[in-house]
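What follows is each chain in one-letter form.
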Amino acid sequence: MQIAKLTLADLAATKRLGLFLAEQLMAGDVLALKGELGAGKSELARAIIQQMCPKETDIPSPTFTLVQTYESDSKVPLWHFDLYRLAEPDDVFELGIEEAFIEAICLIEWPERLAGCLPDRTLTIEINYDASANSGRRVTLRGNPAWQNRLSEMLPD
Amino acid sequence: MLGIESSCDETAAAIVCDDKTILANLVASQMDMHAEYGGVVPEVAARAHLDVIDQVIDGALENAGLSITQIDGVAATGGPGLIGGVLVGTVTAKAIAVARGIPYFAVNHLEGHALSGRLSDDVSFPYLLLLVSGGHTQLLAVHGAGQYERYGTTMDDAAGEAFDKGAKIMGLGYPGGPAIEKCAKDGNPKAIQLPRPLRGAAHCHFSFSGLKTAFAQRHAQLGGKSDAITDLAASLQAAIADCLADRTKQAMQRFAASHGPATLVIAGGVAANATIFAQLEKEALKAGFGISVPPGHLCTDNAAMIAWAALERREAPDKLDFAPLPRWPLDPNAAPPPGQGVRS
Chain A
1 MQIAKLTLAD LAATKRLGLF LAEQLMAGDV LALKGELGAG KSELARAIIQ QMCPKETDIP
61 SPTFTLVQTY ESDSKVPLWH FDLYRLAEPD DVFELGIEEA FIEAICLIEW PERLAGCLPD
121 RTLTIEINYD ASANSGRRVT LRGNPAWQNR LSEMLPD
Chain B
1 MLGIESSCDE TAAAIVCDDK TILANLVASQ MDMHAEYGGV VPEVAARAHL DVIDQVIDGA
61 LENAGLSITQ IDGVAATGGP GLIGGVLVGT VTAKAIAVAR GIPYFAVNHL EGHALSGRLS
121 DDVSFPYLLL LVSGGHTQLL AVHGAGQYER YGTTMDDAAG EAFDKGAKIM GLGYPGGPAI
181 EKCAKDGNPK AIQLPRPLRG AAHCHFSFSG LKTAFAQRHA QLGGKSDAIT DLAASLQAAI
241 ADCLADRTKQ AMQRFAASHG PATLVIAGGV AANATIFAQL EKEALKAGFG ISVPPGHLCT
301 DNAAMIAWAA LERREAPDKL DFAPLPRWPL DPNAAPPPGQ GVRS
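Protein chains in written order, with the numbering used here: chain A, 1 to 157; chain B, 1 to 344.
Please keep in mind that the hints were generated in silico from the structure rather than gathered at the bench.
Ideal Cβ placement from N, Cα and C applies to all residues, glycine included.
Be a bit skeptical, because a hint or two may be false.
[Said to hold, decoys possible] Partial pick of chain B residues on the chain A-facing surface, computed with a CB cut under 10 Å:
1. A46
2. L82
3. G135
4. M155
5. D156
6. D157
7. E161
8. I169
9. G171
10. Y174
11. A214
12. F215
13. Q217
14. A274
15. R327
16. P329
Modelling step: build the complete structure from the supplied sequences, incorporating the hints.
And the structure:
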């Protein structure tokens, strides 16, 4: 179900959304980040990782390696996937994604490549260019009622 | 020294001597393995590396005209990279080391690139390194084997990624670097205005994400008209080249202030781009630096550079309990790029 539609004015607003989400996340959470090239998926993921893992100085793009793994301050593993280069959906199991779904917080860019292997509890965040504003973005959040409860604080009335 | 590389898409094996003679340098995707494997080349799956690694090593020994008993040491990429692939190479190398009673070396993939200029060109320490590939964009002062001072790195995407994603936007295929370079030949590099992120900044870091976004927007505005594609490709290539040249110029100033001008080594797959090389060569000349680019087969992912990096510290092998490292910075004390690692 759709939880919310947000408008982000600029990159700073994308980062603020990341900080908010970071405070809500726990092991077992799966975030699917959708959007065109350049929409801001990696920036959102980077903001979440920076907030949860402040000791990490470098947060490289995972496009080349498909996944980068981190550990949060509270010792929760955080996996940042970028499935852009994935040719066959089955290849993702070689990356250990099933274990990550259970034990870690998963941020998944280009989740379309998984062809429907995402768990039902996934929070989907779709970022699109806002045609009316140059650096603006429109964000749609979709997830189950549990996500709606957890995110209720940030939702517009 | 037998070298094994399996940290990303390629499975590779090479045999290199003390005196820098490369007796064999094989990459699985370039071998004729259609008969046995139906043309399958390693990619994401660790299993794919496992399927071909023995054959690639056998092929390297055969090319070198050696038997495994004539190998004095074995080196494998121990990271950074995709952990499944790194494990395959590491376990294989350890098994050979134990069975033959020879030393084992866990080599940092980035160090392989960093020292490749000494394998091809006898570049002496210290030198300035620009490492540009699909996964990395870094500027480092190389003081010696194992002694790296990172001047700058990318704050988001690598330069090769900017090429790959730009090519994807234009529908030019993968890998994007060669596709864009070819297409750009007929285009006007000044036709499309694109940003040059961080140009003139006092530090030596890179950023390509904003360029990618701007490029996607320009492409959408032009509606992907075929006559615009060559101009788009040329303009994107020019923007990436400008960014690399500007940041490298900054790094040459910093390097020269402590060590005087020396050699600029460009390593990694993107070094093969002629426009980028020409622009960096111009900047190096102005700064009084020499320039060295290893040949293509030593710039893209290969195992000869892994064997050579091990030979650079042949007296200091690794223990067999070495565990592969998915991330492994060359300079563990490097300052973070601005805006990162800081809680806001």
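Here is what the structure says about each hint:
Contact between A46/B and chain A, as hinted, is supported at the beta carbon level, the nearest pair being about 6 Å apart and thus within 10 Å. The interface hint given for L82/B is met, as the beta carbon of that residue sits about 5 Å from the closest beta carbon of chain A, less than 10 Å. For G135/B, the interface hint holds, the least distance from its beta-carbon to any beta-carbon of chain A being 3 Å, beneath 10 Å. Contact between M155/B and chain A, as hinted, is supported at the beta carbon level, the nearest pair being about 9 Å apart and thus within 10 Å.
Contact between D156/B and chain A, as hinted, is supported at the beta carbon level, the nearest pair being about 6 Å apart and thus within 10 Å. The beta carbon of D157/B is positioned within 10 Å of a beta carbon in chain A (closest approach about 5 Å), and the interface hint is therefore held. Here the hint on E161/B is kept, as its CB sits about 5 Å from the closest CB of chain A, short of 10 Å. Checking I169/B against chain A: minimum C-beta separation of about 6 Å stays under 10 Å; hint holds.
For the restraint placing G171/B at the interface with chain A, the shortest Cβ-Cβ distance is roughly 12 Å, beyond the 10 Å limit, so the hint is violated. Nearest Cβ of chain A to the Cβ of Y174/B: about 8 Å, under the 10 Å cut. The hint holds. A least Cβ separation of about 8 Å between A214/B and chain A falls short of the 10 Å threshold, and the interface hint therefore holds. Interface restraint check: F215/B against chain A, minimum CB-CB distance 8 Å, threshold 10 Å, status holds.
For Q217/B, the shortest C-beta to C-beta distance to chain A is roughly 7 Å, which falls under 10 Å, so the interface hint holds. Hint status for A274/B: violated, given a least beta-carbon distance of 23 Å to chain A, over 10 Å. Interface restraint check for R327/B: the shortest CB-CB distance to chain A comes to about 7 Å, inside 10 Å, so the restraint holds. For P329/B, the suggested interface contact is upheld, since its CB lies about 7 Å from the closest CB of chain A, less than 10 Å.
The structure fails to meet hints 9, 14 from the earlier list, while all remaining hints are met.
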